[in-house]
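Chemist: So you can see what is in the structure, the chains are spelled out below.
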Amino acid sequence: MNDEKISLQEFIDLFAQKANLKNKVAEDFIKAAVSLIEETLLKGESVKIKNFGVFKPQWIEPRKSVDVNNGNEIILPGSYKISFTPDETLQSIVNEPFSYLEAVELDNENANKKNEEEALEPLKIFSEQADEIKSIIAEIQSMSSHQEKEENKENEKKQEKLIPTEKEHKTAEKIFEPEKSKTEVIENEKFEDLEEIKVEKLVSEEIQQEKNNEVFDKENVKQKDNSFLEELDEDIKSEPIGIPFHAYVPSEEYEFHENTEKKRFSWIWIPVVLILLLGGAGALYYFYPPVKEFVNLKMVKKTPALVETTLPSPAVLPDTIEQQKKPEEVDSLQILFDTPRAYSEFIAKERIRSGSRLARMAMRYYGAPEFWVYIYEANRDKIPSPNDVPVGTLIKIPKLDARLIDVSNPRCMEKAKELSDLYLSISK
Amino acid sequence: MNYKDFIQKISAQTHLTKEETEKLIETATNVFSEQLTGNKSIGIQGFGNFELRKKEERIIVHPVTKKRLLMPPKLTVHFKSSNVMKEKLNNQLKNE
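If you read the sequences in order, they're chains B and L. For the first sequence, position 364 matches number 363 in numbering that gives the first Met the number 0, and the numbering has no gaps at all. For the second sequence, position 93 matches number 92 in numbering that gives the first Met the number 0, and the numbering has no gaps at all.
Just so you know, the hints here were simulated from the structure itself, not pulled from any lab data. Mixed in with the good hints there might be a few duds.
List of simulated lysine to aspartate or glutamate pairs, EDC-like, C-alpha gap at most 16 Å [to be verified]: (1) K73/L with E44/B; (2) K8/L with E44/B; (3) K39/L with E101/B; (4) K42/B with E19/L; (5) K53/L with E38/B; (6) K47/B with E21/L; (7) K73/L with E3/B; (8) K49/B with E25/L; (9) K85/L with E101/B; (10) K17/B with E86/L; (11) K55/B with D66/B; (12) K4/B with E50/L; (13) K93/L with E60/B; (14) K17/B with E21/L; (15) K87/L with E44/B.
Okay, chain B solo, but in the shape it has when bound (with noise of 0.2 Å):
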């Protein structure tokens, strides 16, 4: 675990900074005390330096040993050694990184406590988290309800402008093909457009339709592209908060088709007949991906297309509820930041020894350097400058709200950054 090896010369050079000797004179100093150690061990005594360790001889006992060559027993011969055992001041500062550990009992008893102290806990933490989770999809649900409305007014809009073009299809249909079903009325949509401005070739080639219809929707999407561009981009603006526009009506306008078609076949489609040329159009862009899927099955495998066209929906809602989550979240971090910070309780005191630094505390109780912000904040009283912390004062360090220092959490490191510069500025 050593990085680095350094001489007695290294060693010399650096004890002569210190104790300001020229380099002479520290090397006689050094070299004096190494060897009068030594001498002192050959006569067979012990030497004892304050602060840093006994020296001593010891005695090693012969032992029998096994000749790793040829398997026989063999004698080592008894000899001495040179036992070193460090004083406590040096092994309480060598040990310094590891100095907030405590034996533990194990006894088996307590084992079964602490067993169930731990089984607990992961307990709690989860019911809480529940309690949380719970409070937020409420907030949630709250802030988005007008939204949703909105959502829904967007969502009968363009479900009013589907259904008119479905039954236009489906009249038309009727006209040729009267016998066709459902998954027909769906395929259907997808040549909305296409039937739109190619009715009367549709109407004439309704069967090669169905075998090149792919090669039709690739020839019109790149045709109405530019004029479709702008249309998207009104859609966008209008819809909310970015929930992507497939993510709801797939599924909900099949089971429109199924379900309220007629009902509302009688009522919308005189007066949406234009607001639909637009935004069928639109839809059809929005939905090409899928509906390409679909096609190639449905050529391929003839399958029923609900199977397919409902799928996108569960896939996608858990992405739309993420992304409603996370500016709450965040909302809530921003509120933890910006409220003054009041330390009550605390999980340890410290006292400050030469060579102590808040950020190795920090380091050791919040897991990165960067929270020593907050021990400073919660000991403000006793120490004059972030930079000049007095050896000997007794530093508490604070309990802190676990979102606070998420390591993991890039803005509790941001915002631990911006606090260090704040107190590092006003220090100097």
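Put chain L on the given structure of chain B with help from the hints.
Modeler: Quick look at chain L alone, frame taken from chain B:
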């Protein structure tokens, strides 16, 4: 030999006062521990190596109370004497 004797002998060798010697030894040990905490090992030719080692956590049984304790990992200073030193020591002490 205790610390007092140690200081006395060094001060005699280096013609410094005891106070000065004590101070210098103190700074020396400080520099020493600083280097060790900086994860650097210190080698003294003809004497030995000092290095920082991590002792892994382990379970011990308290001999009196028979309680099982989990000892946390810790860092200690480990000293390994050089072979030269060891030979010298053995020659010297075994001959006596």
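Chemist: So, for every hint listed, does it hold in this structure?
Modeler: Here is how each hint holds up against the structure:
1. Distance hint between K73/L and E44/B is unfulfilled; the C-alpha atoms sit about 29 Å from each other, more than 16 Å.
2. For the hint pairing K8/L with E44/B, the CA-to-CA distance comes to about 14 Å; that is within 16 Å, so the pair holds.
3. Between K39/L and E101/B the alpha-carbon distance is near 26 Å, which puts this suggested pair outside the 16 Å criterion.
4. Proposed proximity of K42/B and E19/L is contradicted: the alpha carbons are some 27 Å apart, above 16 Å.
5. For the given pair, K53/L sits about 30 Å from E38/B by alpha-carbon distance, which is inconsistent with the 16 Å threshold.
6. Using a Cα cut-off of 16 Å, the hinted pair K47/B and E21/L holds, with the two alpha carbons roughly 13 Å apart.
7. A threshold of 16 Å between alpha carbons decides the hint, and for K73/L with E3/B the separation of about 20 Å lies outside it, so the pair is violated.
8. For the suggested pair K49/B and E25/L, the alpha carbons sit about 8 Å apart, so the restraint of at most 16 Å is met.
9. Of the pairs offered as hints, the one joining K85/L and E101/B is violated, with about 36 Å between alpha carbons and a cut-off of 16 Å exceeded.
10. Distance check on the hinted pair: K17/B and E86/L sit about 34 Å apart at the alpha-carbon level, beyond 16 Å; violated.
11. A C-alpha spacing of about 30 Å is found between K55/B and D66/B, which places the hinted pair above 16 Å, so the restraint is violated.
12. At most 16 Å may separate the alpha-carbon atoms for a hinted pair to count; K4/B and E50/L meet this at roughly 9 Å.
13. Taking the CA atoms of K93/L and E60/B, the gap is near 13 Å; set against the 16 Å cutoff, the hint holds.
14. Proposed proximity of K17/B and E21/L is supported: the alpha carbons are some 15 Å apart, at most 16 Å.
15. Distance check on the hinted pair: K87/L and E44/B sit about 14 Å apart at the alpha-carbon level, within 16 Å; holds.
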